[in-house]
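Engineer: Here is how the chains run, residue by residue.
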Amino acid sequence: MSDKRRIGVYTCHCGGNISDYVDVEQVRDAVKDDEEVIISKNVMFACSDATQQEMIEDIEREKLDGLVVASCSPTLHLQTFKAVAQRANLNPYQYTQVNLREQCSWTHRSNIEKATEKGVKLVKAGIARTRLTEPLTNIRIETKPKTLVIGAGVAGLRAALALADLGLAVFIVEKESEVGGWTRKWGKMFPNNRSGNDTIKYLLDQVKQRENITLFTDTELIEKGGNVGDFSIKIRMKEGETVSLDVGAIIVATGFDSYEPFDGEYGYGLSGVVTLPQFKEMVDKSNGSLNFNGHLIKNIAYIYCVGSRQSEDGDIENPNLYCSRYCCSAAVHTASCVAEVDSDINQYHLYRDMRTYGKYETLFKNAGEKKSLFIRFDDESLPEVEESNGALIVRVNDALDGGEEIEIGVDLIVLVTGMTPRENDNLTNVLKIPVGLDGFYNEIHPKLRPVETVVDGVFIAGVSQGPKTLAESVTSSLSAVSKSAALLMKGYVDLEPFIAEVNTDKCTWCGECEKSCPYGAVEKVICDTKEVAAIIPALCKGGGVCIPDCPENAIEIKGYTDQQIKSMIDVLAKEVA
Amino acid sequence: MSKVNPDFVVKISGFTEFNAFACMNCGSCTALCPMGIDLLPRRMFRHVMLGLEDKVLENTENVFSCLLCKMCEENCPKDVPIVENIKSIRWYINREIFKLGKG
Numbered sequence: 001m002s003d004k005r006r007i008g009v010y011t012c013h014c015g016g017n018i019s020d021y022v023d024v025e026q027v028r029d030a031v032k033d034d035e036e037v038i039i040s041k042n043v044m045f046a047c048s049d050a051t052q053q054e055m056i057e058d059i060e061r062e063k064l065d066g067l068v069v070a071s072c073s074p075t076l077h078l079q080t081f082k083a084v085a086q087r088a089n090l091n092p093y094q095y096t097q098v099n100l101r102e103q104c105s106w107t108h109r110s111n112i113e114k115a116t117e118k119g120v121k122l123v124k125a126g127i128a129r130t131r132l133t134e135p136l137t138n139i140r141i142e143t144k145p146k147t148l149v150i151g152a153g154v155a156g157l158r159a160a161l162a163l164a165d166l167g168l169a170v171f172i173v174e175k176e177s178e179v180g181g182w183t184r185k186w187g188k189m190f191p192n193n194r195s196g197n198d199t200i201k202y203l204l205d206q207v208k209q210r211e212n213i214t215l216f217t218d219t220e221l222i223e224k225g226g227n228v229g230d231f232s233i234k235i236r237m238k239e240g241e242t243v244s245l246d247v248g249a250i251i252v253a254t255g256f257d258s259y260e261p262f263d264g265e266y267g268y269g270l271s272g273v274v275t276l277p278q279f280k281e282m283v284d285k286s287n288g289s290l291n292f293n294g295h296l297i298k299n300i301a302y303i304y305c306v307g308s309r310q311s312e313d314g315d316i317e318n319p320n321l322y323c324s325r326y327c328c329s330a331a332v333h334t335a336s337c338v339a340e341v342d343s344d345i346n347q348y349h350l351y352r353d354m355r356t357y358g359k360y361e362t363l364f365k366n367a368g369e370k371k372s373l374f375i376r377f378d379d380e381s382l383p384e385v386e387e388s389n390g391a392l393i394v395r396v397n398d399a400l401d402g403g404e405e406i407e408i409g410v411d412l413i414v415l416v417t418g419m420t421p422r423e424n425d426n427l428t429n430v431l432k433i434p435v436g437l438d439g440f441y442n443e444i445h446p447k448l449r450p451v452e453t454v455v456d457g458v459f460i461a462g463v464s465q466g467p468k469t470l471a472e473s474v475t476s477s478l479s480a481v482s483k484s485a486a487l488l489m490k491g492y493v494d495l496e497p498f499i500a501e502v503n504t505d506k507c508t509w510c511g512e513c514e515k516s517c518p519y520g521a522v523e524k525v526i527c528d529t530k531e532v533a534a535i536i537p538a539l540c541k542g543g544g545v546c547i548p549d550c551p552e553n554a555i556e557i558k559g560y561t562d563q564q565i566k567s568m569i570d571v572l573a574k575e576v577a
Numbered sequence: 578m579s580k581v582n583p584d585f586v587v588k589i590s591g592f593t594e595f596n597a598f599a600c601m602n603c604g605s606c607t608a609l610c611p612m613g614i615d616l617l618p619r620r621m622f623r624h625v626m627l628g629l630e631d632k633v634l635e636n637t638e639n640v641f642s643c644l645l646c647k648m649c650e651e652n653c654p655k656d657v658p659i660v661e662n663i664k665s666i667r668w669y670i671n672r673e674i675f676k677l678g679k680g
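Here the protein sequences come in this chain order: A and B. Counting along the first sequence from 1, when you hit position 51 you're at 51 in the numbering used here, and nothing is skipped either side. Add 577 to a position in the second sequence, counting from 1, and you land on the number used in the numbering used here.
If you are wondering where the hints come from, they were derived from the structure by calculation, not from laboratory data. Just so you know, even glycine gets a beta-carbon here, dropped at the ideal spot from N, CA and C. A portion of the hints provided could be inaccurate.
From the derived model, a few chain B residues whose C-beta atoms are all more than 10 Å from chain A [what the hints assert, rightly or not]:
1) S579
2) G591
3) F598
4) A599
5) S605
6) C610
7) P611
8) M612
9) H624
10) E630
11) V640
12) E650
13) R667
14) E673
Keeping only pairs whose Cα atoms sit at most 20 Å apart, straight-line, the calculated SDA-like set for lysine to any residue is [what the hints assert, rightly or not]:
15) A/K483 <-> A/I141
16) A/K530 <-> A/C507
17) A/K371 <-> B/E661
18) A/K146 <-> A/G226
19) B/K655 <-> A/E387
20) A/K298 <-> B/F598
21) B/K580 <-> A/E387
22) B/K580 <-> A/I406
23) A/K188 <-> A/K208
24) A/K371 <-> B/N582
25) A/K370 <-> B/D584
26) B/K632 <-> A/G403
27) A/K558 <-> A/M568
28) B/K588 <-> B/N636
29) A/K370 <-> B/N636
30) A/K371 <-> B/D656
31) A/K359 <-> B/M601
32) A/K365 <-> B/D656
33) B/K655 <-> A/K146
Same shape as in the complex, but just chain A:
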């Protein structure tokens, strides 16, 4: 840029948060005579409406083409001041935020002089970067009003219904030949005793009544191309036939696998030792009495936390460290169902911690009133299961009775097993969404962005994201619905322009950048006669991992160019005169 820049610099007091420890007047004066700085001002609260208005007037009057606000963390107010720039018809990407609060005044309260010195450098670095900024425009993508839902369990079906009712077309892809997942297999479920099987029947019936939902069973997703708002996907049906679909968003609702205890884990493998899902099936199918191998059951022991909250120090390879959330409530609810079938059955619950959280506390209470006995054990002394003369015996130290060692003879042992992530490496590879330490799909933030993944337009719902109860699964699937619908119903998405850019003169296509990109945003194209790398704008996140891998130094990130960063380092490293 040959013309001189016209930059406005605003140094904020933050009502004392900054000015108590950084001499903001000194900072203002230190930069006011810098080259290309037209305005240097102090403001009490840069974020106040009045100051924002003042900035807009300054920008318009002085025809500023660069803006620096030295205030708080960009996390808090970057968008605020970008909007100020936009309202003053200044390109928002010619704005730089300098973090004078979190990274200066709050951190150096003991040394005002040095804090001020650092403040001056930070602001000067911000100015240096602003000098080299160029106007950038957001990348706009037209979205397709269609959604793909992967998995037709309770989360997937419920998501499909909600999307359809919002007027979006939905494709549901289910790997198995029947819909419903685990819920289909279950009878009475907590908290309201509604049958899981009936719930699925109802949902499926509703799905069938909606013309804008297409359900594919025995089908798998095999390819995903395109980007947020405009994915092109390929699915393969049982007969090998493939179908191509265009969708704007993808909801992953692939559910869970039930934990399979290893041989000998609390006697698993012995006759009469069953998992919770197996036991649930027995209770659901019982008709007036509960039998095992032709014998009436009189005593049952439940062992909780099997496959959940495993010790890191034990012999178990890849232990499941997490709590599976649903098992305590499901087990005490099942115990109440057992008491309804045969109130004479003695039920012993051997638990580590009873986590029937929220309103599920009533399930715990109900079970207790129906003569379930709860016996707590410590992590250090786990129960032991033994078979002698065809009878099952559980030994445990009752922590609620001073660690008294007791022995219970039972007819059936129920291992209260948790949820494990669904084994689905193919799907994970096709979608390129990250898996967390626990093996479930990873959200961006568990509280702030719980259904979004790092791949824009791909959402996770239900238990694919982590253990949940039925109700929580549905809540999460509806959350994914509102996120996808908000994305698609607007008709377009704007993406930030901070993406990689290839200098085609320098590029020799060695493929290093393609290998390093975790988002698959690099493709090979022919430019004139030579093969070069090209960036797919909607997929690029501006992560920058390709840059150090490029042997020709041919890649830069827009808005974070080498020149800009270097100019900032130069200022920061320079001695203050």
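Please arrange chain B on chain A, whose structure you already have, making use of the hints.
Structural biologist: Here is chain B on its own, set in the frame of chain A:
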């Protein structure tokens, strides 16, 4: 090692029904007991529910030290009928140890 015996609770309920299954082991009863009986009522009830008969019979003195003042019962968050339960334990001890009302 004590063997759990689910039939004991039935046996002890001959005079009045023993029921402490709602107990959540908070320990309010023990903390409030004016006699400072540490075994009563919480741990003693647990021995009954688990059917550890020896433990119950070993602690006769504890069971009869109780004043039946109901301080614990009034404050039990789970509304366990503590006094009724103690009565049934006494009834059982009277029968088994002191051979009262038998034969």
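Engineer: What hints, given by number in increasing order, does this structure fail?
Structural biologist: Per hint list: 1, 3, 4, 9, 19, 23, 29 and 33 violated.
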